[in-house]
Every structure is written in structure tokens, then in C-alpha cells.
Amino acid sequence: MTVKSQVTMKDIAREAGVSRAAVSHALNERYKSVFLTEKTRKHIKIVARRMGYVPNEIARSMVSGRTRTVAYIDNDLGRHDYSGRILSGIMQTASANGHNTKLFSYNEDPIERITNEIVRQRVSGVICRVVIGGDDFKVLAEILKRYMIPLVSMVNNQEPDGIFVVSDDKNGVIRAIEYLHGLGHRRIAMVGRNLKEMDSPRSDGFKSGIKKFRLNCEDLITECNKETFSGAMQKLMAMPPGKRPTAIFCTTDPLAMKVLQLLYDMEIKVPDMVSVIGFGGMNMCELASPSLTTITQPFEEMGRRACQEILKLIGSGRKEYFAERQKIILPVKLTIRNSAGPVKN
Numbered sequence: 001m002t003v004k005s006q007v008t009m010k011d012i013a014r015e016a017g018v019s020r021a022a023v024s025h026a027l028n029e030r031y032k033s034v035f036l037t038e039k040t041r042k043h044i045k046i047v048a049r050r051m052g053y054v055p056n057e058i059a060r061s062m063v064s065g066r067t068r069t070v071a072y073i074d075n076d077l078g079r080h081d082y083s084g085r086i087l088s089g090i091m092q093t094a095s096a097n098g099h100n101t102k103l104f105s106y107n108e109d110p111i112e113r114i115t116n117e118i119v120r121q122r123v124s125g126v127i128c129r130v131v132i133g134g135d136d137f138k139v140l141a142e143i144l145k146r147y148m149i150p151l152v153s154m155v156n157n158q159e160p161d162g163i164f165v166v167s168d169d170k171n172g173v174i175r176a177i178e179y180l181h182g183l184g185h186r187r188i189a190m191v192g193r194n195l196k197e198m199d200s201p202r203s204d205g206f207k208s209g210i211k212k213f214r215l216n217c218e219d220l221i222t223e224c225n226k227e228t229f230s231g232a233m234q235k236l237m238a239m240p241p242g243k244r245p246t247a248i249f250c251t252t253d254p255l256a257m258k259v260l261q262l263l264y265d266m267e268i269k270v271p272d273m274v275s276v277i278g279f280g281g282m283n284m285c286e287l288a289s290p291s292l293t294t295i296t297q298p299f300e301e302m303g304r305r306a307c308q309e310i311l312k313l314i315g316s317g318r319k320e321y322f323a324e325r326q327k328i329i330l331p332v333k334l335t336i337r338n339s340a341g342p343v344k345n
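Residue numbering for the sequence shown follows the numbering used here, starting at 1 and increasing by one per position.
It is possible that some hints are incorrect.
Claimed, not checked - Distance condition first, Cα-Cα at most 27 Å in a straight line; then the derived DSSO-like pairs of lysine-lysine:
#1 K207 with K226
#2 K226 with K243
#3 K269 with K327
#4 K333 with K235
#5 K102 with K42
#6 K102 with K45
#7 K102 with K212
#8 K211 with K333
#9 K102 with K333
#10 K211 with K243
It should be emphasised that the hints constitute simulated quantities derived from the structure, not laboratory data.
Can you build the whole structure from these sequences, using the hints too?
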């Protein structure tokens, strides 16, 4: 069996009876810059289609210095459904605009290695949705800036200048507190990991919410990690009546699921004895028992908007991608299910 070689512009020019330059201008939509009639342009495209011509993106990248590829950095790929929903929004938008998506997982690899690989592969732009430590994010931003590769971040608490596409976490938490307050709750706890670093907008939202409704709940702010979670929750629920929380706001849905399980193990009924609200809007919320009331983030829309912004930067030809800080905040919504209910005497 003979392997068919790839059709080149020179082959098309020979078949169409025109110069290679005419083929290049016609196929790359540059025919207006030279004397090329509409009839000739259509003839060249018909010949190219008949011959099965496919553009050589590697050759194009050698000329432009860039591939038509958007890099996506995440450390949750495959772990939680929200990363897939964000990625779906990115890939659909990139594909609709003639770009591919390249995935980079930020886990054990140093950020310099990932960034150098991005530069080596001539990526056109980068979307970052991982909570990278402050120094690492600065390294990422500075290296990309040096090579004029635009960056869009999807993390709320990063500091360097640039474009950020995030959800309205702070007002989402205030909405959760408002809902619980309307159900009669006055002792509302917040449970989360790395509250000062990872979840600062959500921490700010909780503090603003309890202040808005004049709730004395500062002593119920509970920071924990994998090792201290069980002990922290048992301590919280061991408080005497009157001081014990009647509702718990969790900074993420996975954490809220763990809270539901622990309360079940402690024979504390939800929502009869305590209400629970999560944050995220992950698919698992509907499968919980009871189903989880949560603040829902627009993950697909976040991915679409982040990709739209990076494509704008790629196509703008700007010489400075990090000139100013611009935060694009997308609204969240309260999704009411069965894990939160009115206070019972």
C-alpha cells in the first residue's frame, strides 16, 4: 500500500496553473493584498479542496512564532467535576475560534518546568486555574511576560497584574448567610481549609454576612485540614446549647459532603438538628443524603469567558499583556435543596 504524501501549496499551484504565492495568498485570505481576482481565488480553493489540502500548522508556527494552541494549567484534572466543566467551556470556545487546547497538570512538577515547556511548545496563550503559591505565580507571570505570552488567571486571590476571570465568591457567601438568617439561624459556623490563603473572598463574605445581619459568630470560624477535620467538627458540635451552631457553611462542596458524613456518624440529623450549605455547585450535591444546598458557580461560563479573554489578547497584537489588573467577576446563585431548613426548638 502506497502512503499518500501531504499535499503542498506547490502541488496546488502546479495543478491550478498559478504561482505558489497566489496559492498562499488565496488560502490564507490575503488575496486582497495582491492582484488576485475572485475567480482565481475560488479556482485555487476548489483545487485545494479536491486535492485534500490540509494546512501545515507546524510550518505556520515557524513563521509566526506561535501555534494556535491555548494552554490550560490545573491541578484538579480528573479529580472534581468542576475542572471538567471549566475545561469544556475553554475547549469549545477555543475550537470554535480555530485553536487547540493543551493541558498541563500542576502537581509535583516545579512551575519553571511547566512554564519552560509552554514556551518550548510555542503556546499562544495560557489560562491558569490552579492556586499556585505567590512566588510560583510570579515566576509564571514573569516568564510568560518575557516571551510575550498572554495569561488569564481563574483564581480569586492572586496578586500580580493581569486579567482574572472569577466567580463572585464574596457575594455568594453573603447570599448563603442571608438565606440561613431568613430560616431563623443565628449561630452559623464556617468550616474551611486555609481560610486566610485559599478562600479569602469566601472568608471575607462570611465576615461581611454575619456583620450585615449582626450575628455574633466569630468564634464559630473553624479552619481545619485533613488531619484536624474530625476533631475540629466534634469540638464545634460539642458546644453547649445556645452556643452550638445551628447551621454550618462549608467553603467547598467536597468539604460539605465530609461534614454531612461526619454528622451522620455522630447521629446528628440534617437539617432537623443542624443545616449545612456548601459552595461550588458540583454534580455530587444532588446525590448527597440529604441533597446539598449550595452556592453554584458558573463553571462552563467561567471557562468560556477566560478563553474569550485569552483569544482577545492573542489576536490584539498588544506588546504588553500585563499592563493593568482587570478582574472579570461572574455571578453565582443559591441552589436550594434539602440540607438546610428552619431552626427547630
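Results of checking the hints against the structure:
1. Taking the CA atoms of K207 and K226, the gap is near 24 Å; set against the 27 Å cutoff, the hint holds.
2. In summary, the hint linking K226 to K243 is supported, as the alpha carbons are separated by about 25 Å, within the 27 Å threshold.
3. This hinted pair does not check out: K269 and K327 have alpha carbons roughly 41 Å apart, beyond 27 Å.
4. Restraint check for K333 and K235: the C-alpha separation of about 31 Å exceeds 27 Å, so the hint is violated.
5. This hinted pair does not check out: K102 and K42 have alpha carbons roughly 34 Å apart, beyond 27 Å.
6. At roughly 30 Å between alpha-carbon atoms, K102 and K45 are farther apart than 27 Å, so this suggested pair is violated.
7. Annotation: proposed proximity of K102 to K212 is violated, straight-line Cα distance about 44 Å (limit 27 Å).
8. For the suggested pair K211 and K333, the alpha carbons sit about 21 Å apart, so the restraint of at most 27 Å is met.
9. Under the criterion of a C-alpha separation no larger than 27 Å, the hint pairing K102 with K333 is inconsistent with the structure, at around 31 Å.
10. Taking the CA atoms of K211 and K243, the gap is near 18 Å; set against the 27 Å cutoff, the hint holds.
In the structure shown, a violation is registered for the earlier hints numbered 3, 4, 5, 6, 7, 9, in ascending order.
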